[in-house]
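Chains A and B supply the protein sequences, listed in that same order.
Just so we're aligned, residue 1 is where the first sequence starts under the numbering used here, counting upward by one.
Just so we're aligned, residue 1001 is where the second sequence starts under the numbering used here, counting upward by one.
Hints may be right or wrong, so weigh each one.
[Claimed, not checked] Quick partial rundown of chain A residues pointing at chain B, CB under 10 Å, derived from the structure:
id	residue
1	Pro171
2	Thr172
3	Lys175
4	Tyr201
5	Arg204
6	Pro207
7	Gly209
8	Leu213
9	Ile214
10	Gly216
11	Glu220
12	Val221
13	Leu224
14	Ile227
15	Asn228
[Claimed, not checked] Computed far set for chain B versus chain A, every beta-carbon distance over 10 Å:
id	residue
16	Gly1052
17	Val1220
18	Thr1290
19	Ala1351
20	Asp1375
21	Lys1519
Calculated directly from the structure, the hints in this document are not laboratory data.
If you're wondering where the values come from, they're calculated on a predicted model, not measured in any experiment.
Note that beta-carbon positions come from the ideal geometry of N, C-alpha and C, so glycine has one too.
Each chain, written out:
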Amino acid sequence: MTITERVETPDVTPDQRGRRPRLIGINGPSLERIALPMTFLFVIVLFSVLRPQTFPTSANVSSILSSQAVLVVLTLGILGPLIVGDLDISAAAVAGLSAMLVVILTANHHMNFVLAVVISLGCACLIGLVNGILAAVMGLDTLIVTLGTGSLATGITAWISNNNTITGLAPTLVKIVVTDQLWGVSVEFYYGLALCLIVFYLLRYTPLGRRMLIVGQAREVARLSGINVNRVRIGSLVFCSAMAGLAGILYAGTSGAASATGGAELLLPAYAAAFLGATTITPGRFNAFGALIAVYFLATGITGLQLLGAQNYVQQIFYGVALLLAVTVSSVIRRTPKPAGP
Amino acid sequence: MEATDSRSSALTVDPSDHVPGGHPLLLRARDITKQYGGTRALDGAELEVRAGEIHGLLGENGSGKSTFIKVLAGVVAPDAGSLKLFDDDVSFPLAPGESHRRGLRFVHQSLGLIPSLDIAENLLVERFALARRSGYIDWRRFYDDAAELLDRYGLKLDPRRPLAELAPIDRSLVAIVRAVATGTEPDHSAAPRLLVLDEPTVFLPRGEVARIFDMLRGLVASGAGVLFVSHRMDEVREYTDRVTVLRDGRNAGTRVTAEVDDSALVRLIVGSQVTPSSAGLELADEHNATVVEVTGFASKSLRHVDLSVRSGEIVGLTGLAGSGYEEILYGLFGAHTQATGTLNLHGRELALRKHTPRAAIAAGIALIPADRLRDGVSGTATVEENLTLNVVGSFFRTMLLRRRELRRRAGELARDYRVRPPNVNLTVDCLSGGNQQKVLLAKWLVGEPSLILLHEPTQGVDVGARADIAGFLQRLASSGASIVIASAEYEQLASLCTRVVIFRDGRASSVLEREDVTKERILSECLRGSAQFAGDQEGGSS
Ligand SMILES: Nc1ncnc2c1ncn2[C@@H]1O[C@H](COP(=O)(O)OP(=O)(O)OP(=O)(O)O)[C@@H](O)[C@H]1O
Ligand SMILES: [Mg+2]
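If we strip away everything but chain B, and leave its shape as in the complex, we get (with noise of 0.2 Å):
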């Protein structure tokens, strides 16, 4: 390896590019490059993790983060570029499980799992592919172990319940206890020595988020190593020892997070200035009238909650993970058929029993879901398909669609809403996570809804775009519209919204308003749920 060896010394190693106590390097990538059609989703790549580290890969929505944790995998083979793995020179295209044979662990954007498929199923379900001499399985010592792993990692699931039951939530962490339990146990070869993780934290309150960054810690001290993508500066500022920051495919940097300040990372991420715009928040009148109102709302996990916005107010709901404060959202759409109660909609009654999605849209209601590839957008229609999808009715004129009519439309909303590339011929599955989020968004708020109802907004959207939507939200707000955010995100909370409802036991349990609406404040109110306070407060949301 002398040709690579010479190439190092003559690159110019950033200077903080070191970790104290010369932990021995786990990977080292060089000059990945990787071109889909005209795109270059890689290009001449670099990444270094070391043993005892949790490396943070930041960098805006399609600069190649997940396109790179793909080529480590295996599942996408570069057009150019070499990898060390430990102390090994490992050549492209990788062999089909040859990074888990190395001891590398991935849990992917799209988690990865197998919805048909119960809990225990899919954390051991590599237990299937290595079973060895005969076929048989015990059944029950099956359910054992993996109730035994949930346990360990303090999930409180019945490993017989099918997937497609969890909530988005649950499934972030099974998808994580599998891909950090794989071979761990004593009969397995390679223990993890480093853990991959896309945006797994997208779902995940604080509380949770912090569990999981307790168990990678502990992986680490142990002499893993994590490398882990994310677009929360909170969480990327406590938990990661060093980042590395991609744009346009290309390395923009790798910082000690210690050693660099907010505005220069989101600098080093977005490559251009981010301004405080002077625009302030433009608080919902007091005055205004109360346009939504419902009552008596019970869902699976929520019983009677009454809640009211204002036109041009901005609510937040949120609540520990499995409080089920986003059942309201899609109670309130018709999209779940076990809610009831009444809502009352600018003067308009309407029975949430009977309630249908078409229905909801007729009243002028938006639902913007979390599960974004099942209930979202079309991954295999085109960017323009699926943004014109609500409208596409009104180009329809004297018996025509007027397509170019409505290719003009699809191109301005790519363009308003910054969707990359700004090509509405591509399907959807081509773009990436983030610029899915925004084809989601911009096809719901087309339409001028009056009610607007979303589920994390914007996960997996980078910190510019984080802005833009924050931005289109506000609008919508000032222009009359009523606007209620369910979300695990505390800080985004904070920053959008005049008041939130936090929930506990099935219930609203408190309220905070105006100056009380901070990140810290939502934090204990949702954490005092858990703790011995429990009992005091009912009911404190109408």
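Next comes chain A alone, as it looks inside the complex (with noise of 0.2 Å):
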């Protein structure tokens, strides 16, 4: 039995060798931290110079933040399966089937907007629940599942409104999501914004947030460490759902009617937003605050182009565009030197 003893010399002090490490992911170089806030006040300034009657107005700057809420309360949800390892494309038909049931039991059945409500939000769940149910029990691809549940979500919203608009939602619900105003902006507004901080809690102040981050990560090394992988993605697929819920609800809220394809075209702009948000606050994260960022930046660049005239495909491209260069950018900020290993 050897036990040996090591006694340092002088000339190999630990900090010699790491004073400034390589930091990748939390806490990543500055720069990088505050790249899209910094593009965030430029793109700003540039269209109030472009546009100062019609850009930097009260009035433009309240329909901004309010009409964003829908995309921000979407774009919250979908942080959930991103940050476990799922992509849950299904998101965007839960919320228009959300807005549709809505309307319909408050319009046609005249139902009482509360119990709606909690319809909607409960056939959200359930949505999630089976794409959960499927996707970690079963073993299951996500992506699959989620685009044949929300093939059907869509077929669902379809056929209950016989394809037409419904109109004639409640008013109540319509008084307490846009025209109730505070500060000059709707009340929807601050929905958004109370949400991203119960999830940027949720994340960062609570130990699920380390947990789905390993999840993510690391399926197996979680599942070793005691982890209940499987809740813990279901849990997130149905938070993803009732988040997407929640969101339709606001849909509908704001225009006071549901249309029978409402809803889809909010996918693509809600994933540009979480990868582009994974480029700030910590960079190499899915993380809240930068999903928030994001979403505000997006459409304030839309608003803009479109003040200075450009024409309503402008939005698909400048999503689009913002998605290829937010997948870009968060690959370079993760690479590491993988191929020889350790």
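Reconstruct the complex from the two isolated chains, following the hints.
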């Protein structure tokens, strides 16, 4: 039995080796962390100079802030599965279904709006649960599962609305979503902000956030560390659908109506924002405030371009480019010299 | 190359730095420097390898060995340095595949195999890349060739088995065979002239190590050279002709192995005095209570094994490759579903069939798995997130995760376990292999478990840190924990364990205790299983 003890000699001090080591992901170099907010500021200044009459007005600011609340909530929703390593592409369809349900239940069936909201959210959660069980318990590919349930939700939306746009949402609901204002901005903006704070808290200030991260990065490690991987994944998918349901209700509340295909156009912007958001605040990690900033950055850019006279299709182009750019940037941030291992 | 030549004469060449017979130089690397952010992984490192030698590359964890090898392979471009391969000067950065074309072959620390493919596809993967003329592949011949290759190197494996199914040890063997075999067949251009292996032996028991080195000796005899990285002193001593030691990315020296004694070599590696500590091994008291009782354990390759461990005892499990002794660890932790039997831990009965890692952790069991990157740590999460994963719940108070305390705790752990660099914000995959292993150990030992299961706990860990880890385990044992180590490193088992159980034919075939626990006895017991003695001494472990 030999036990050895080491005596450091003065020529090798630990500090000498690693004074400024490379940091990846969380707490990354500060330039990376503020790149998006800086670009955002630049865009605001640019459009304010180019369109001083229409861009930097309180009406425009208020309209951007409130119109994007739906997208904020949906983006926060898809963060859950993204963090645990799943891709939920049914979210936008679930939002559409939930919007349609709440309109039909209150307009055609004169149901109390609270009950209608509860039923819509319940349906959304049910879809999330089905996603979760098929993906986590049955071990199917989440992308395929949610492609299926998403299509199912879209189909049901078209079916129950007879392919029409339905109007006549309960006025109270419209009132508590858009008509009521605080400091000149519709309350729905504050709903999005509040949810963002909650998601931020959950991810950063609870053990759940840490566990979700490990589930997403290394499932086997998570399992062997005693984390109930299935429960975490199912939970994230249900959370995502519930948030999508909420987004759908805000969507209905904003316009007072729901269209048979409503919501579908939100999927790409939500993913663009989630990935763009992952390049800031904690670069390389999906995070709530990054997503919030990204949503408003994208909306501001599009509004500005439209004020400059751009056509509607600029939206698609802008979101598409943003998504590709964001994914490229985060892959560069995350790149570690993999090929030869440790 | 005037400049380089004048430089070389200016360098003081180590007097012992020559190989008898004036063998030709295969490789000469000079002044290799590589900076990662603020970490200087290589700082003017140099190396020479000659034809006909097995050259060891040694150094502490994080001293730059793997980085050096990646530079040679062209995977990492150095910031500065020159390289001479055979008679040609090669300039950095190397073109993709250039070192391969020039006859270098590599087995990297992470093996570089593709788990989703089968053995044959892994072995002959370059055939897909080289598929000339048509894209046609003769599948029958493909598998025949693979089978022939496996056979030639004495591996009893079905070439159609997916790599993911293989035990870590078989994966290492496949990786080595692939590296050696690539390009040796008649229809390939350059035969390997220099084989480079980064810690190829971490999983291999002595018998297998010997087989590998027999193979390498044959290669060397035909004029090739071998460069290999290892932290295992016994094999360095036994198989290398010369060694080069790196310290902090610089050369600490090159020596002819036969001319340097162990303690001098260790001093060269750690750059400090390694003095035997006076603290002797506190043997677990004979009268300590038996707190771990495994009865009727069965798994994929084990049948009806009984095992009992006292509190404060360190028990070793070993056997030849494929004897399945490590399955006990995974079974007791609930990591594998096929295990059956019962575990009685401190009077609590647990049925293994329904066992889960969650239940195991709740019962105070810790498992340090061998497959570090798949099962052990998350490479893309930070050191802090990995270190504190199992205890993060206890830092959640009054609805808030105490992030600052968590960071402080992680920092303490990193310091206690000498993780370098000691920065807990780094992601784990920018640590060296040995330092990743320390993170893994620290993650599990922090919870003060009462039953600690370790599979190859010191794989890839340097001599100094090995002693540290041994110390940690002994301290845990003396405070009452029961420890089970499954390992193919007999020397380590001999130094740590008071009892070693040897497995053969799916059963615990013999037990060595106290003064019988020596490297030689373990080896002979293991080999006995493969010889004609089979059949005697059944079930001697209870
Ligand atoms: N991708 C990377 N990013 C940042 N630092 C790195 C990276 N790869 C290696 N390093 C650092 O470079 C140093 C040398 O690492 P290297 O892997 O070469 O060590 P090693 O000698 O192979 O150690 P071990 O024996 O533990 O495998 C270490 O301090 C390590 O943290
Ligand atoms: Mg290494």
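Evaluation of the provided hints:
At its closest, the beta carbon of Pro171 (chain A) sits 37 Å from a beta carbon of chain B; the interface hint therefore is violated under the 10 Å criterion. Proximity of Thr172 (chain A) to chain B is violated relative to the hint, the smallest CB-CB distance being about 33 Å (cut-off 10 Å). Residue-level restraint check for Lys175 (chain A) is violated (minimum Cβ-Cβ distance to chain B is 33 Å; threshold 10 Å). Here the hint on Tyr201 (chain A) is kept, as its CB sits about 9 Å from the closest CB of chain B, short of 10 Å.
For Arg204 (chain A), the interface hint holds, the least distance from its beta-carbon to any beta-carbon of chain B being 7 Å, beneath 10 Å. A least Cβ separation of about 4 Å between Pro207 (chain A) and chain B falls short of the 10 Å threshold, and the interface hint therefore holds. Because the smallest distance between the Cβ of Gly209 (chain A) and any Cβ of chain B comes to about 8 Å, under 10 Å, the interface hint for this residue holds. At its closest, the beta carbon of Leu213 (chain A) sits 6 Å from a beta carbon of chain B; the interface hint therefore holds under the 10 Å criterion.
The beta carbon of Ile214 (chain A) is positioned within 10 Å of a beta carbon in chain B (closest approach about 5 Å), and the interface hint is therefore held. For the restraint placing Gly216 (chain A) at the interface with chain B, the shortest Cβ-Cβ distance is roughly 9 Å, inside the 10 Å limit, so the hint holds. Because the smallest distance between the Cβ of Glu220 (chain A) and any Cβ of chain B comes to about 5 Å, under 10 Å, the interface hint for this residue holds. Contact between Val221 (chain A) and chain B, as hinted, is supported at the beta carbon level, the nearest pair being about 5 Å apart and thus within 10 Å.
Interface hint at Leu224 (chain A): satisfied, since its Cβ lies 5 Å from the closest Cβ of chain B, which is below the 10 Å cut-off. With 10 Å as the threshold, the beta carbon of Ile227 (chain A) comes within range of chain B, its nearest partner Cβ sitting at about 8 Å, so the hint holds. Taken as an interface hint, Asn228 (chain A) checks out: its beta carbon lies about 6 Å from the nearest beta carbon of chain B, inside 10 Å. The Cβ of Gly1052 (chain B) lies farther than 10 Å from every Cβ of chain A, with a closest approach of about 27 Å, so its non-interface assignment holds.
The beta carbon of Val1220 (chain B) is kept farther than 10 Å from every beta carbon of chain A, the shortest such distance being approximately 24 Å. Every CB of chain A lies more than 10 Å from the CB of Thr1290 (chain B), the least distance being 23 Å, so the non-interface label holds. Look at Ala1351 (chain B): its CB is around 18 Å from the nearest CB on chain A, clear of 10 Å, so calling it non-interface holds up. Remark: the non-interface label on Asp1375 (chain B) conflicts with the geometry, its nearest Cβ contact in chain A lying 5 Å away (cut-off 10 Å).
Every CB of chain A lies more than 10 Å from the CB of Lys1519 (chain B), the least distance being 13 Å, so the non-interface label holds.
The structure fails to meet hints 1, 2, 3, 20 from the earlier list, while all remaining hints are met.
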